[in-house]
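**Student:** The residues making up each chain are set out below.
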Amino acid sequence: MTGPQPSIAKTFVELADTLVDDFDLVDFLYLLTTRCQQTLAVDAVGLLLADNHGGLNVMAASSEQARVLELFQLQNAEGPCLDCYRTGHPISCPDLATQSGRWPRFTHEALDAGFAAVHALPMRLRENVIGGLNLFTTTPGTLDPELLAVGQALADVATIGLLHERAMRQRELLTEQLQTALNGRLAIEQAKGILAERASTTVGEAFELLRRYARSHNRKLLDLARAVVNHDDPTVADLAPRPDRNPTP
Amino acid sequence: MLASNLDALEPVCITDSRAGEVEELQATVGQGPGIDALMSGTPTLVDDLASPVSARRWPVFAPEAPRLGVRAMYSLPLALGALRVGVLDLYRDAPGELSQEQLMDALAYADTALLLVLDARSGIASPPDPRAGGNGGPTLWHAEVHQAAGMVSVQLGIPVLDALVRLRGHAYRHDERLADVARSVVERRLRFDPGDGEPATNHDQKKGQS
Chain A
8 MTGPQPSIAK TFVELADTLV DDFDLVDFLY LLTTRCQQTL AVDAVGLLLA
58 DNHGGLNVMA ASSEQARVLE LFQLQNAEGP CLDCYRTGHP ISCPDLATQS
108 GRWPRFTHEA LDAGFAAVHA LPMRLRENVI GGLNLFTTTP GTLDPELLAV
158 GQALADVATI GLLHERAMRQ RELLTEQLQT ALNGRLAIEQ AKGILAERAS
208 TTVGEAFELL RRYARSHNRK LLDLARAVVN HDDPTVADLA PRPDRNPTP
Chain B
15 MLASNLDALE PVCITDSRAG EVEELQATVG QGPGIDALMS GTPTLVDDLA
65 SPVSARRWPV FAPEAPRLGV RAMYSLPLAL GALRVGVLDL YRDAPGELSQ
115 EQLMDALAYA DTALLLVLDA RSGIASPPDP RAGGNGGPTL WHAEVHQAAG
165 MVSVQLGIPV LDALVRLRGH AYRHDERLAD VARSVVERRL RFDPGDGEPA
215 TNHDQKKGQS
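Those sequence lines, one after another, are chains A and B. Just so we're aligned, residue 8 is where the first sequence starts under the working numbering, counting upward by one. Just so we're aligned, residue 15 is where the second sequence starts under the working numbering, counting upward by one.
Since the hints were derived computationally from the structure, they do not count as laboratory data. It is possible that part of the hints are untrue.
[As the list claims (entries may be wrong)] SDA-like, lysine to any residue: derived pairs with alpha carbons at most 20 angstroms apart: (1) Lys17/A with Ala156/A; (2) Lys227/A with Gly55/B; (3) Lys227/A with Ile167/A; (4) Lys227/A with Gly211/A; (5) Lys227/A with Thr56/B; (6) Lys17/A with Asp163/A; (7) Lys17/A with Thr46/A; (8) Lys227/A with Pro73/B; (9) Lys17/A with Phe30/A; (10) Lys227/A with Ser54/B; (11) Lys17/A with Asp58/A; (12) Lys227/A with Glu215/A.
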């Protein structure tokens, strides 16, 4: 019987390949969250990283939907992922409807968005916790322990991916690295907005435009995003031509 | 130090004359840890400006700074995504490392400095705790705020940082949350057009589809 096993193997092969190949952190983490969602058969996955203030910020998510993103972003102040980050332990809530007292605001928003259960897995680096992987399902229930173990392994792979980036620097502290990663994410969001407006598409479609262009022109997603935002690269005009009626100073 | 581009570096807030002289030096020679931090978007922490490593890296700036009384320098970029807002330069008159704790504090100061700079540009009077309220703190890191800034920058033909400033100013003046204004822009219910006094709304819907 073809259970999830073949796709779990495929997922790890794919991620490992990406890690050793021409590495693009943002693309990698996006890939990881979408594969995680598919492989574990959950409904939404978010990867959150610690900022400098003891809170969490979204670094990657399997869905562009505003409501889902908002749910991840809410956990800057309250929620299972924040608890997971603070304790360093996995946190599960198999039935949000019965636990509204634990995270009042988060639970309300999650139920409103159609989610019934949530699981948070810590991203650990030795004694530090740097963030969390958040899984949402629309039906209540616990996750198979084997699948949870796969989820934890994916969280660990994400951590490895982040460390991969820091190989270059002489004295790169973890806090700086996380801040840099989060800024990378924001640069992509800025580029998505620009492209969405220029090409008259949704921001989700704009992201796909960016990814496709990055792949076909062998450029890092982040470098491309920065070029779009700072108008540094004339060839990026191929991505989405600027309409003539809005000349940029 | 504030900059919209490398040609327009200007020291904004100086604590003593030594710091002022070093900032001046950096801007004049066009090299230094602060400039590196600004351009790369990552912190540049220099334990000893008199070391050979520093001399190789900043051949004009590094030997000169200790003569002005500065031996160590820690530069933290004020950045939001791809936007380079400025740099926070911290100095020491003796060589040494920033402890982990000091670095954490410095990074927190940098975030606050960033908010204050944005407030000033938006025409917002900074609240006593810039991290409180709906227009600073975590919201500034929300995906939709930056998507909206990108969109508005194209709508108005202005740099993305200016668009972000406009969004914050708009939210403040209309007593709305920045997150809600951003959501309206991204869902195309709110548009900023050049030449209009006020941005245009498509219809009165409060909640869009998602």
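**Student:** Would you mind confirming whether the straight-line C-alpha gap from Lys227/A to Glu215/A stays at or under 20 angstroms?
**Tutor:** Measuring from Cα to Cα gives roughly 14 angstroms; hence the hint holds.
**Student:** Against the 20 angstroms threshold, does the CA-CA distance of Lys17/A and Asp163/A hold or violate the hint?
**Tutor:** Holds. Lys17/A to Asp163/A sits at ~17 angstroms (cutoff 20 angstroms).
**Student:** Could you grab the alpha-carbon distance between Lys17/A and Ala156/A and see if it respects the 20 angstroms cut-off?
**Tutor:** Holds. Lys17/A to Ala156/A sits at ~16 angstroms (cutoff 20 angstroms).
**Student:** Are the Cα atoms of Lys227/A and Gly211/A separated by 20 angstroms or less?
**Tutor:** Roughly 18 angstroms separates the two Cα atoms, so the pair holds.
**Student:** Would you check the hint for Lys227/A and Pro73/B, treating anything up to 20 angstroms between C-alpha atoms as holding?
**Tutor:** It is violated: about 31 angstroms lies between the C-alpha atoms, which goes past 20 angstroms.
**Student:** Hey, Lys227/A versus Gly55/B, does the alpha-carbon distance stay inside 20 angstroms?
**Tutor:** holds, 16 angstroms
**Student:** Is the hinted pair Lys227/A and Ile167/A satisfied, with a Cα-Cα distance of at most 20 angstroms?
**Tutor:** holds, 18 angstroms
**Student:** Given the hint that Lys17/A pairs with Phe30/A, does the C-alpha gap stay at or below 20 angstroms?
**Tutor:** Holds. Lys17/A to Phe30/A sits at ~18 angstroms (cutoff 20 angstroms).
**Student:** CA of Lys17/A to CA of Thr46/A, is that 20 angstroms or under?
**Tutor:** holds, 9 angstroms
**Student:** Need the status of pair Lys17/A, Asp58/A: alpha-carbon distance at most 20 angstroms?
**Tutor:** With Cα atoms ~32 angstroms apart, Lys17/A and Asp58/A exceed 20 angstroms; violated.
**Student:** Do the alpha carbons of Lys227/A and Thr56/B lie within 20 angstroms of each other, as the hint requires?
**Tutor:** Measuring from Cα to Cα gives roughly 18 angstroms; hence the hint holds.
**Student:** Is the Cα-Cα distance between Lys227/A and Ser54/B 20 angstroms or less?
**Tutor:** Holds, because 16 angstroms separates the two Cα atoms, which is no more than 20 angstroms.
Of the numbered hints stated above, those contradicted by the structure are hints 8 and 11, listed in ascending order.
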